[in-house]
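Chains as they are written, first to last, in my numbering: chain S, 169 to 302; chain W, 169 to 302; chain D, 169 to 302; chain B, 169 to 302; chain G, 169 to 302; chain X, 169 to 302.
Any given hint could be a false lead.
Stated by the list, open to error - Pairs of lysine to any residue residues, derived as SDA-like cross-links and limited to a Cα-Cα distance of at most 25 Å, are as follows:
1. K298/X x A258/G
2. K298/B x V296/D
3. K222/X x N201/X
4. K298/D x R292/X
5. K298/S x W204/X
6. K298/B x V293/G
7. K262/W x K247/S
8. K298/X x S261/G
9. K298/S x P211/X
10. K298/D x P211/X
11. K222/X x K247/S
12. K247/D x M264/S
13. K222/D x P211/D
14. K196/X x V299/G
15. K298/D x K298/B
16. K247/S x P211/D
Hint data in this document are derived by calculation from the structure and do not stem from the laboratory.
There are 6 protein chains.
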Amino acid sequence: MATVELVEYDAAPPEVRAIYDEIRAVRKTDFINNFWKGLANNPDQLRRTWEGIKEVMAPGALDPLTKELIYIAVSVANKCEYCIHSHTAAARSKGMTDPQYAELMSVIGMAHSTNGLVTTMQIRVDDVFKVGKQ
Amino acid sequence: MATVELVEYDAAPPEVRAIYDEIRAVRKTDFINNFWKGLANNPDQLRRTWEGIKEVMAPGALDPLTKELIYIAVSVANKCEYCIHSHTAAARSKGMTDPQYAELMSVIGMAHSTNGLVTTMQIRVDDVFKVGKQ
Amino acid sequence: MATVELVEYDAAPPEVRAIYDEIRAVRKTDFINNFWKGLANNPDQLRRTWEGIKEVMAPGALDPLTKELIYIAVSVANKCEYCIHSHTAAARSKGMTDPQYAELMSVIGMAHSTNGLVTTMQIRVDDVFKVGKQ
Amino acid sequence: MATVELVEYDAAPPEVRAIYDEIRAVRKTDFINNFWKGLANNPDQLRRTWEGIKEVMAPGALDPLTKELIYIAVSVANKCEYCIHSHTAAARSKGMTDPQYAELMSVIGMAHSTNGLVTTMQIRVDDVFKVGKQ
Amino acid sequence: MATVELVEYDAAPPEVRAIYDEIRAVRKTDFINNFWKGLANNPDQLRRTWEGIKEVMAPGALDPLTKELIYIAVSVANKCEYCIHSHTAAARSKGMTDPQYAELMSVIGMAHSTNGLVTTMQIRVDDVFKVGKQ
Amino acid sequence: MATVELVEYDAAPPEVRAIYDEIRAVRKTDFINNFWKGLANNPDQLRRTWEGIKEVMAPGALDPLTKELIYIAVSVANKCEYCIHSHTAAARSKGMTDPQYAELMSVIGMAHSTNGLVTTMQIRVDDVFKVGKQ
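Let the sequences and hints guide you as you build the complete structure.
As structure tokens, then:
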């Protein structure tokens, strides 16, 4: 039901295969998920997105699991079914426990609720919360 | 510019004051932010929301800072200006460093991008990502 | 801070004035709010939108106040600041009481919360809820 | 396709069964819809959500059908497929007629349109619409 | 899985058939897509929407293909699966090439990303970008 | 009111200055808008975003003005005030006429409306619109 055909490894041009190979190497799995197979219709977009993901999701000041939880939260608020499934699976593979998932869900639910309440009332930002001078 | 008047402590009915007092005690500050003052027009809603926040944001399987990062992520995707400011301030007060904030921002930006790409292509969820039987 | 100039009555071309006159007559007020003054840069869009609003918001199977409550609910979920303010004012002018507004807000908050929870879990629609055969 | 397993009555722990029993009693039906079965993975979240729904959706200053119409409106703007189906079914069971549904749909469509137009033009809120002093 | 029954030509009342006939004539095809068959439950809404679409999507200062690209962009950001599929098909039928589609996707992805980054940082609008005086 | 301080040229570290210099060269102006000054708190994010923008917004299968119209459309649907202002200004500087802007606005308004209607009815995608086999 995608709006594009998925590009399988065997049918992929060399620059796509090279990225598929790198995804497999970095992720230590032969599996290439559909997102990349769709993006591969546009090799520049595939490369740019993969470079970004690799850089952004690497361990840093935040650990990889925390980054997946944030990714799930954005994907839920943005209603991206595929992204919710793929990043929930990624979070589990990075060690997310059931109690952690339950709390993630509770925070997401609460944030949606207060987002809706604040927006209804159009509450003005307290001066004390303003950090930037501009 | 709110659609409601803010209920200040001195003008608040007893059931509202009791919750303001508890917010102050739990948060160890005299400051009551505008969100609560707006909600106080509806004491039941104030009580229910405060009870929920207290329960959900308490330390648990996820630490309080991680919960604030998730809260910011949802609030950004939901475009709630007040919530973004108040939870960014809360995250800083709970120890969020500048490098952590920079990475939070990078993950949020990346998630928005891939959410948009996936949605454009209407990519089908890979079977391997499906956890539930239903 | 609009991206367009507002078209005031005295500077408006005849086809815009005619619609301004009709808005004034239908609403029994001389006041023309900024939305119409912005749309007036594009007289066809102004006419089409006014005709639609007039038809849709008229009393029918749903009373005008209920329609304003629904309008507020959509505008909150769509994060349209102007629309929230203007339709909250319209609802008050059509008789919305403070307790009704408090309940509207509670339903909006609850709906946002369960929308977020359902989306996180990607719950499948129960067969019993499906009405259409297609 | 959910990200969680659904918790059926017979497999549920006692605190979940107690809430299922109450849902059945309040709604006068044996049917427990999938939303609750998903939430039941997190009994605290289940309890908190059910208590909130029971309180918010009860008859009050707004009648139960009006509340369902508002719930549908939010769920549409938030693109929650499950919520749209379940609350449309609930509205019908509470007496929503076809002409009422047609008008609900018209208001939702019109609100989306003007939300989009206002946001494109970034129209400033008229002073007369501002209720709160802050 | 729709919340309404689809109204087929043979079962449609005369005012619906008249619009179906006009859609067929304007589009030079016998095919009526499901959107119109759903709207036909509410003939006024069907007529108003068709009149609007016909007027808005006609060639003008922007060519029909550019209008379809804009329509896809909005539908993606609004997460409307049906609209994404139907307008992507429409764009292809109006001549959208694969390289154009790839660039459309890249712009949509980039816009989502910077929308998310700007919203996270709550960047103030530069004075130079402000066109309207109000 | 930003959540970050803006990084001005004179206070910027060398790697940020280098990107500011390139932005100025590519855009043929000394002006650096606030978005880049906010991103500059995170030089990697600044570089990655600028590289992406430069590549994506360059002339290609779609002309630069068409890309700006698409950018505006996404930014409106995503409710990003800053992005709407900055890309509307960019579109004007690339030659967008008033009639083109009026038509852009009409398409955005219409798309929001039908997005809302389709989502309310949960219309199933017609088979004929499905391009991909998967």
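### Query
Which hints, by number, does the structure contradict?
2, 7, 10, 11, 12, 15 and 16
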